[in-house]
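Trainee: Dock chain B against the given chain A, drawing on the hints supplied.
Protein chains: 2
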Amino acid sequence: MKRKGALIVISGFSGAGKGTLVKRIVNECDNLSLSISMTTRSPREGEVNGREYFFVTKEEFEAAIKEDALIEHANYVGNYYGTPKKYVEEQLNEGKDVILEIEIQGALQIKEKFNDAVLVFVTPPSAEILRNRLVSRGTETIEVINNRMKRAYEESDFIEKYDYLLINDDLDICVDRMKNLIDAFHHAPSCNEEFTKQFKEDLKAFK
Amino acid sequence: MKRKGALIVISGFSGAGKGTLVKRIVNECDNLSLSISMTTRSPREGEVNGREYFFVTKEEFEAAIKEDALIEHANYVGNYYGTPKKYVEEQLNEGKDVILEIEIQGALQIKEKFNDAVLVFVTPPSAEILRNRLVSRGTETIEVINNRMKRAYEESDFIEKYDYLLINDDLDICVDRMKNLIDAFHHAPSCNEEFTKQFKEDLKAFK
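Chain order of the listed sequences is A and B. Residue 1 is where the first sequence starts when you use this note's numbering, and the numbers rise one by one after that. Residue 1 is where the second sequence starts when you use this note's numbering, and the numbers rise one by one after that.
Just chain A, same shape as in the assembly (with noise of 0.2 Å):
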């Protein structure tokens, strides 16, 4: 019986650890997807295009969102970001889970037209656990560290708009609570509705 994929949206705060969760879930899940996101901001020294972000014109990116290309779009700091409906929606129908590492305001668009869209959340242990990963990452000025966690202070309203709460103390143990988040996922409704339309066609043969 095929089983749709899940929309997985991932959020958190900026320290969180999503970067390293995502790429150990990407890694360790088999019929998994990561989607990538476009954007018109300039390639960093490493990235490559179709593999960290594609890279697009500012028109490119007015002509996607023009054409509903997009699940959802968002402006940062002058730069756009958004997400390509057509890889995504091709995955789902494959079976396959799709998984979305974006920002809040992106995430709650994705809930919108998505319904089904899983929308996790997450956050280090506490506030001061946060501010040492900042800290120790020793390549951001105090200014921008206090800057995140008046961010994070702000983004913590809208953490009840999630489905799920993950809190990554260890990073072994947030990946594997994470896979059974996943495989909780697919015993959803929209993820069996052939199998549901099955058995409803079998129950009529016995009516």
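Copies of one chain are not kept apart here, so a pair can be met inside one copy or by any two copies together.
Derived PhoX-like pairs (lysine-lysine); straight-line CA-CA distance at most 20 Å:
1. Lys96 - Lys85
2. Lys111 - Lys161
3. Lys150 - Lys197
4. Lys113 - Lys161
5. Lys4 - Lys111
6. Lys85 - Lys58
7. Lys204 - Lys150
8. Lys4 - Lys161
No lab work stands behind these hints, which were simulated from the structure alone.
Mentor: Then chain B, alone, in the frame of chain A:
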């Protein structure tokens, strides 16, 4: 950090194996309480008041409805069945999960009142297996079995209102899947309100 318990509502076709599943889950999960329903039907042989049901009179049941002491109630074949509110709320606030096995009508009432309740629909892997299970019980007439199949057909319309569809092919696998689902429920934001509140408080200090 105190975590609120999850309210888990199990429904499913007659013959799906809900009763056995619930018994296993109650025996094998720590920190989980079985909610006991109240009914006006007479106890069957071997049934104990306060174990299978709280057996009450029609007057007592109607007084409970009036006092808003039930989180759901319904009338089947001339008898009332309902879920006492006090016990459920006490257990959830103590951080215990509560599991209830009830009919669809009652399950949907609960979802309206407890938005965070998790509704699980249990089904055999096929309509044919459902019928075989009912037949192999050897306790029901063919007429009763046909009525159950007809009712299953009507009930199948409500599957999509549930949060999870659990296919009971092999009981051991089904029990494991259910345990995974319970683990997933613990990551719902509603179970972790205290964590989020504390986190936000702490973030405030860094703002």
